[in-house]
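Quick note on numbering: the sequence shown equals residues 0 to 128 in numbering that gives the first Met the number 0.
Please keep in mind that the hints were generated in silico from the structure rather than gathered at the bench.
Predicted, not measured: the structure shown is a model, and the values here were computed from it.
One or more hints might be untrue.
[Claimed, not checked] If you anchor each label on the Cβ, the simulated ranges turn out as follows:
(1) F57 / W123: 15 to 21 Å
(2) L101 / L127: 33 to 39 Å
(3) A90 / V25: 21 to 27 Å
(4) E78 / V21: 32 to 38 Å
(5) L69 / L101: 30 to 36 Å
(6) W42 / L6: 31 to 37 Å
(7) E78 / L23: 34 to 40 Å
(8) A124 / T24: 36 to 42 Å
(9) L10 / E78: 16 to 22 Å
(10) N104 / S50: 36 to 42 Å
(11) L23 / L80: 16 to 22 Å
(12) L110 / E78: 43 to 49 Å
(13) T102 / V21: 18 to 24 Å
Built from N, CA and C at the ideal position, the CB exists for glycine as well.
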Amino acid sequence: MDTNLLLYPMLAHVLWVAFLYVLLTVVRAPAVWGFIQSKRASWAEVEPRISANLSNQFEWPLFFYVVCVLLVSQGGVVEPLQVWLAWVFVAGRLVHSFVQILTNNIRFRGLIFTINFLAVLAMWAVMLI
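Construct all of the structure, not just a fragment, from the sequences and the given hints.
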């Protein structure tokens, strides 16, 4: 497969992170602009979760981007498994975000993170083999 196919999951993750920035801005806007006076507002509870999730998008995903950039920079052909694993990673990041932002289910979030973690490790392993 063409290495450029790895650019699509990378772009999808970038767009997801951009969406999270917009969401965080919208959630913070009422308090920043003085529209609400009470921390009991419905968004006040979810704002720290969005913020934490946004931070998470710059931790383990770093290793995803590094392996993708290495594969693309090598040119030539990439294994279809690599592209599939990249999409598994991106889908997992989306699910991880929903679970972290909308629930307090740490076990499920941990399971989703493990899938993301293993997908990236597998991408590295396939590249090195």
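Numbered hints the structure breaks, given as an ascending list: As far as the earlier hints go, 10, 11 and 12 are violated by this structure, in ascending order.
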